[in-house]
Amino acid sequence: MANYQLVLTTCAHKEDAHIIAKTLLEKKLAACVNVLPHIESFYMWQGKMARDTEIKLFIKTQAAKTHVLIDTLKQIHPYDVPEIQVINITDGNEEYFSWIDEVLA
Amino acid sequence: MANYQLVLTTCAHKEDAHIIAKTLLEKKLAACVNVLPHIESFYMWQGKMARDTEIKLFIKTQAAKTHVLIDTLKQIHPYDVPEIQVINITDGNEEYFSWIDEVLA
Amino acid sequence: MANYQLVLTTCAHKEDAHIIAKTLLEKKLAACVNVLPHIESFYMWQGKMARDTEIKLFIKTQAAKTHVLIDTLKQIHPYDVPEIQVINITDGNEEYFSWIDEVLA
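Chains as they are written, first to last, in our numbering: chain X, 551 to 655; chain W, 551 to 655; chain U, 551 to 655.
Since the hints were made in silico from the structure, they are not lab data.
Any given hint could turn out to be false.
No copy labels: a pair is met if it fits in one copy or bridges any two.
With a Cα cut of at most 16 Å, we get these calculated EDC-like pairs of lysine to aspartate or glutamate [what the hints assert, rightly or not]:
hint: 1; residue 1: Lys598; residue 2: Asp641
hint: 2; residue 1: Lys598; residue 2: Glu652
hint: 3; residue 1: Lys564; residue 2: Asp641
hint: 4; residue 1: Lys578; residue 2: Asp641
hint: 5; residue 1: Lys624; residue 2: Glu652
hint: 6; residue 1: Lys572; residue 2: Asp602
hint: 7; residue 1: Lys624; residue 2: Asp641
hint: 8; residue 1: Lys598; residue 2: Glu576
hint: 9; residue 1: Lys564; residue 2: Asp602
hint: 10; residue 1: Lys598; residue 2: Glu644
hint: 11; residue 1: Lys572; residue 2: Glu590
hint: 12; residue 1: Lys577; residue 2: Asp621
hint: 13; residue 1: Lys564; residue 2: Glu590
This is chain X alone, in the form it adopts within the complex (with noise of 0.2 Å):
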């Protein structure tokens, strides 16, 4: 099992992004959150092809963390059934994995 994960999620406005960002810092259930701007979101939507933009966030937390990050993000998300999605960190710079731990303590 991992100890530390990468949590992808999109949204609609920027606004909306640093509103989930700064929430789940103020909160220590994510370290650093990086907002993409201005990607292309493509997919079928009641059987149609639908087409938006979005803002695409990476969440970096702990893995003791995680479950309660996504509930939290399911609560402020503005979307219904955000897209929520964990990714295994397997290996990396362990000074950066002790500042994660210590801005989570």
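Fit chains W and U to the known structure of chain X by using the hints.
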């Protein structure tokens, strides 16, 4: 084994990215495709450093569909040898995964 | 254990990203580096919310090279404690992976 996976690829032009996204959605091989604009790619080509502007795609699918997705992507991709990388999604929003299942049924 | 891995890092300036990309390629520690422009990073620093514009790098390599890549990245990175996260690539285009092997041989 993860039930859902994230497939990453790159291509040279937005038009190509849009064709790839639409084709995979129409063939029910992907539930959602994010298209990230204007990345720079550095790589070695025939012994020399090469640098291109590319588009990066984040493709979300069921693990059960990934092999057919890879084969289809290789057929429709403009590159001879496209970058196709699969990453396991280990956790996330169960309602979002149910939506993926519904869309890809 | 995955044979190929994706290494994520961030830095402050495009010039730094280009130096990192070229150095890793020249040292045969990475086959390809994607440089993503203008992301916003939110994080806590000394108890306060901080927000910076950064560049995100997606570095593709062989798992066998990852540890040396991490050590080299820590040496050449402008940050004291750079974010370096490693993600397993579990599947993909075998011809692309063969290209990685060829380039990193």
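Structure-based check of all given hints:
When the C-alpha separation of Lys598 and Asp641 is checked against a cutoff of 16 Å, the pair qualifies neither within a copy, at 40 Å, nor between copies, at 27 Å. Proximity of Lys598 and Glu652 under a CA criterion of 16 Å is satisfied inter-copy only: 14 Å between copies versus 46 Å inside one chain copy. Proximity of Lys564 and Asp641 under a CA criterion of 16 Å is satisfied in neither setting, with 30 Å inside one chain copy and 25 Å between copies. Taking the shortest alpha-carbon separations for Lys578 and Asp641, neither the intra-copy value of 22 Å nor the inter-copy value of 20 Å comes in at or below 16 Å.
Taking CA atoms no more than 16 Å apart as the test, Lys624 paired with Glu652 passes in neither setting, with 25 Å inside one copy and 20 Å between copies. With identical chains, the CA atoms of Lys572 and Asp602 are at most 16 Å apart between copies only, with a shortest distance of 13 Å across copies and 24 Å within one. For a Cα distance limit of 16 Å, the shortest separation of Lys624 from Asp641 across copies, 14 Å, qualifies, whereas the shortest one inside one copy, 28 Å, does not. With identical chains, the CA atoms of Lys598 and Glu576 are at most 16 Å apart between copies only, with a shortest distance of 9 Å across copies and 39 Å within one.
Within a single copy, Lys564 and Asp602 get their C-alpha atoms as close as 14 Å, and across copies as close as 15 Å, so both meet the 16 Å cut-off. In the homo-oligomer, the alpha carbons of Lys598 and Glu644 never lie at most 16 Å apart, since the shortest distance is 46 Å inside one protomer and 23 Å across protomers. In the homo-oligomer, the alpha carbons of Lys572 and Glu590 lie at most 16 Å apart only across protomers (12 Å), although the nearest pairing inside one protomer, at 24 Å, exceeds that limit. Taking the closest pair of Cα atoms, Lys577 and Asp621 come within 16 Å of each other only inside a single copy of the chain (12 Å); across copies the shortest separation is 32 Å, beyond that limit.
Proximity of Lys564 to Glu590 under the C-alpha cut-off of 16 Å is found in both arrangements, the shortest distances being 14 Å within a copy and 10 Å between copies.
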